[in-house]
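*Asks:* For the protein sequence lines, the chains are A and B, in the order given.
So the first sequence is residues 131 to 541, counted in my numbering.
So the second sequence is residues 25 to 129, counted in my numbering.
A hint or two may mislead.
Beta-carbon label-pair distances, calculated as ranges [to be verified]:
hint, chain 1, residue 1, chain 2, residue 2, range
1, B, GLU40, A, GLU371, 26 to 36 Å
2, A, ASP155, B, LYS110, 33 to 43 Å
3, A, GLU483, B, SER83, 19 to 29 Å
No lab work stands behind these hints, which were simulated from the structure alone.
Using N, Cα and C, we set each Cβ at its ideal position, and we do this for glycine too.
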Amino acid sequence: MKKLLILGAGTAGTMVANRLANLLDENEWHITIVDQNETHYYQPGFLFIPFGIYSKNDVVKPKRDFLPSGVEFIMSPIELIEPEHNRVKLSKDGRYVPYDFLVIATGTQTHPEQTTGLQEHEWYKTIFDFYTVEGALALARHLRTWRGGRLVLNVVENPIKCPVAPLEFIMLADSFFHEQQMRDRVELIYATPLPGAFTKPIASKHLGDILERKSIKVEPEFMVEHVDPDAKKIVSYDEREIEYDLLISVPLNMGNEVIARSGMGNELNYVEVDKHTFVSPKYPNVFALGDAAALPTSKAGSVAHFAVDCFAENFTRYVDGLEMLPTFDGHANCFIESGFGKGLLIDFNYDTEPLPGMYPLPGIGPFQLLQESEANHWGKMMFRWMYWNILLKGQELPLPARMTMAGKWKN
Amino acid sequence: MPTKVIAGHEVQINDEGFMTNPQEWDKDIAVEIAHEEGIADLTLAHWKVIDFCRQDGISTGKAPTLRRITTAAGVSTKDMFALFPKGPAKKVAKISGLGKPEGCV
Ligand SMILES: Cc1cc2nc3c(=O)[nH]c(=O)nc-3n(C[C@H](O)[C@H](O)[C@H](O)COP(=O)(O)OP(=O)(O)OC[C@H]3O[C@@H](n4cnc5c(N)ncnc54)[C@H](O)[C@@H]3O)c2cc1C
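Can you build the whole structure from these sequences, using the hints too?
*Replies:* Written as C-alpha cells, this is what we have:
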C-alpha cells in the first residue's frame, strides 16, 4: 500500500482528501489526515458574527462529517515533519506516521502577541480581532452596547488570509451603524500598510472610491510599531499616531509553528513550493496547499479550491511517473461584502489584476466584477451553503479552475 | 519595455520605475535612484541592506519583503524606516535594481 499523509483538515486538507479518495485506487492507497481540532470552522463566516448576521452555530461543524469513510483521521497536534526520513511525529503518544507522499495544509494563524500592546489588559475590552471565532464573538457582544466614537481597523502586516476581509469589515460596520441609527456618532478609519485600499491598482482605485463615498477614511502605508492600550492609540514605525475608542486589529499572520520547528518555512513559516504545481523544490514527494504555501496569490478558500482542482489531477499523473503539468495560475475569486445588501466580486490570477466585467458568463453574469450589486451579495451568502455542501466534499463546481479573460474589460 | 538613462546607463524599467533586469544595475545607479527617492547619502548602513537585497534578490529571483530583510539581514524594522522612509522594502528594492516585492497579494 502506498501512503499519502495530509497535515491539517481545514479547507484545503479536507478538499484534497475527498478529491484524492475518489481518484486513487483504495486497494493501492492508504490516506491519512491529521488535525489537532475536532471542529471545522467556516472562517469566511467570522466576518458576519460581530454584526449579529451569523451566530457561532452558522460557522462550526464536526470535521469528521466532511471526511470520506476510507480516510483515516488522527486527532493530534503535529510535532515535527522529518522530510529526510519521510515521516511525521505527532504529539499524541509521540507516534511517528511514515509517508510516501506528504501534503502540508496547516494554514495560517494570527499572532497578536507579536505586536507590543495588542494582546494585553485591553484585549477583548477595547481591542478586538475578528479572525478567530473567539474574537468575533467577543466583538459582537461589545458592539451590542457600544455608544460610538472612533473605530480604527488596523492590518498589522501583509500577507494576511483573505486580504479583502478588512475592507468588508469596515464597509459592513458602516452599514451596521447606519441601521443602529448611530452612524453620525461613529468615525471609521482603516489604517493599512498598503499604499491604498487594496493590493492591485485598478481594484484599489475602485474600492478606494467606494470607501470615500461611505465616509471611511484610509490611512495608507501605516505599519504599526506598537499599540498603547492606555492612551488608546496606535503608533507606526514612522511615528504617526492614531487615537481610537475601539481598535479592531488583523494581527500578524504566520504559518504554523510546526513548519518553523521542522525548518521547512520562510521568514513567516510558509512553505516554498512551485507556484504552478505545489511541489517542494527540495523534496519531490512533499507538497503544500492552501494558506500554508508561500505563493504570490491570495490566501483564500477559493484559491485553495482552484488549487485542489489542479493539484488532484496532476497528482494522479505524478504517481504514475508522468511530469506534473504547470496548470495552476494563481486563480482567486472573492466576493466582497460592501454593506446595505450589496457586494462586489473580484476575479484574478498571478498575471492579471482584478478588472471590471461580468462573471462567470461574459456579458450576462449574473455577477458583476468590481462593481456593487445585490447579486454579488447573494453570491456571498450562498457561498456558505456551497462551502459546506459542495466545496469541502471535493465536488466540482461548474466553474473553470483557471482564470479567463472572457467577460473582463481592459478599458 | 520603456528604458531610462540612469547615471549614464540606459536601463529597462517597468511603468512603476522599477528596473526589470538586475544585471543592468551598478552602484552609481543605486546612488542616483536613491537621490530621486529623497535619500541624499547612502551610508554604510544603507549599503549593508542594499548588498543583502542584491544577493537575496539574485539568488531567489524576487525582491525580499521587509520581514525577510529584517529577519535575514539583522536590521530592525525601526532602522529600516529610518534608512528608507515610507515603504522601506519597496524603496530598497528600487534602489537595488530589483522588481517590486511580492509581499502583498
Ligand atoms: C475573517 C475571515 C474571512 C474570510 N473570508 C473568505 C472569503 O470570503 N472567501 C474565501 O475564499 N476565503 C476567505 N477566508 C480565508 C479562508 O478561510 C482560508 O483561506 C482557508 O480556510 C484556508 O484553508 P487552509 O486549509 O489552508 O487552512 P485552514 O482552513 O485554516 O486549516 C488549517 C488546519 O490545520 C490545522 N493545523 C495547523 N497546524 C497544526 C498542527 N501543528 N497540528 C495539528 N493541526 C494543525 C488547523 O487545526 C486547521 O484545521 C477568510 C478567512 C477569515 C479569517
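*Asks:* Compare the structure with each hint and give your call.
*Replies:* Hint check:
Distance hint for B/GLU40 and A/GLU371: a CB-CB separation of about 30 Å, consistent with the stated range 26 to 36 Å. The hinted range of 33 to 43 Å is not satisfied by A/ASP155 and B/LYS110, whose Cβ atoms lie roughly 57 Å apart. Between A/GLU483 and B/SER83 the Cβ separation comes to about 27 Å, which falls inside the hinted range of 19 to 29 Å.
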